[in-house]
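Novice: Using the hints, position chain E against chain W.
As they're listed, the protein sequences go chains W and E.
Position one of the first sequence corresponds to residue 44 (our numbering), numbered consecutively onward.
Position one of the second sequence corresponds to residue 15 (our numbering), numbered consecutively onward.
No lab work stands behind these hints, which were simulated from the structure alone.
Glycine included, each C-beta is placed from N, C-alpha and C at the ideal position.
Any given hint might turn out to be false.
[Claimed, not checked] Quick look at which bits of chain E chain W covers, simulated, 3 or more residues with Cβ under 8 angstroms:
id, stretch
1, 22 to 36
2, 47 to 53
3, 58 to 66
4, 94 to 100
[To be verified] Sample of chain W residues with no beta-carbon within 10 angstroms of chain E, all distances over it, derived:
id, residue
5, Ile49
6, Gly74
7, Arg99
8, Val119
9, Pro149
10, Lys173
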Amino acid sequence: MSDGEIRVAINSDQDIVVARQRGRALATDIGFSATDSTLIATAISELARNIVSYARKGEITLKTIHGSSRHGILVVASDDGPGIPDVLQAMRDGFSTSGSLGLGLPGVRRLMDEFQIASQPGRGTTVAVKKWKQ
Amino acid sequence: MEVPILKQGAVLIATFQAALSDADLNQLRRSLVQQVVKHRSRGVIVDVTAMDVMDSFASRTLREIAHMIRLRGAETVIVGIQPEVAFAMVQLGLTLEGVAAALDLEEGLAYLIEKFKNAD
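Excised from the complex, chain W in its bound form (with noise of 0.2 angstroms):
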């Protein structure tokens, strides 16, 4: 299993789908299961919608992971976009800036087993999240 860490820029609607399936070839190297794979590639969508919705351009970062007797995936997305100015309201159910759903972020977290956040307006944003295999 390589550790390599897979970089995906982010610029158009077109990267979402390359994001997306690099992710879920990655997940099903680990080892997912095709639920999994499915929910992680999800999860990966609606990442790569925001940066191209909010920031216009970033990057997706895949990578395995090692816990203590599992394995998993780590996906980073990051911009230098206009960031969120209320991180907590951005991870309400419902609320969105862009006119879309505004299902993102909490959704994602949902999917996925561990999520972190880190905006700064002005300066771009940075969600992390991961998947322990089962």
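Specialist: Only chain E this time, still in chain W's reference frame:
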């Protein structure tokens, strides 16, 4: 990647490919509505069996397609949502409220034929 649209009597059948970009989905919405008008179709089946991921944009676009087509007096039914895709949609909080869904193409056609009968 363009979505092929087949005409089967009064019904149009659009079959999704594995990975559709937002631009592909927007294109599908345009061409489906145009074709419903052109052929005076009464029903549309959108087959998503091959679709890898149904994210917020895809489900919103499907709802919009169904609503636009309903405004033309026709019915839309989504068929072939895979179990794992359905699971991800529920986790994500996505719904296809107000849009009919059926197991597969056959069930979708049966659903539409029943609807046509009731309308006649």
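Novice: A separate judgement is required for each hint: does it hold in the structure or not?
Specialist: Status of each hint after checking the structure:
no.	hint	verdict
1	22 to 36	holds (count 4)
2	47 to 53	violated (count 0)
3	58 to 66	violated (count 1)
4	94 to 100	holds (count 4)
5	Ile49	holds (17 angstroms)
6	Gly74	holds (16 angstroms)
7	Arg99	holds (14 angstroms)
8	Val119	holds (18 angstroms)
9	Pro149	violated (7 angstroms)
10	Lys173	holds (16 angstroms)
In terms of the numbered hints stated before, the structure departs from hints 2, 3 and 9, listed from lowest to highest.
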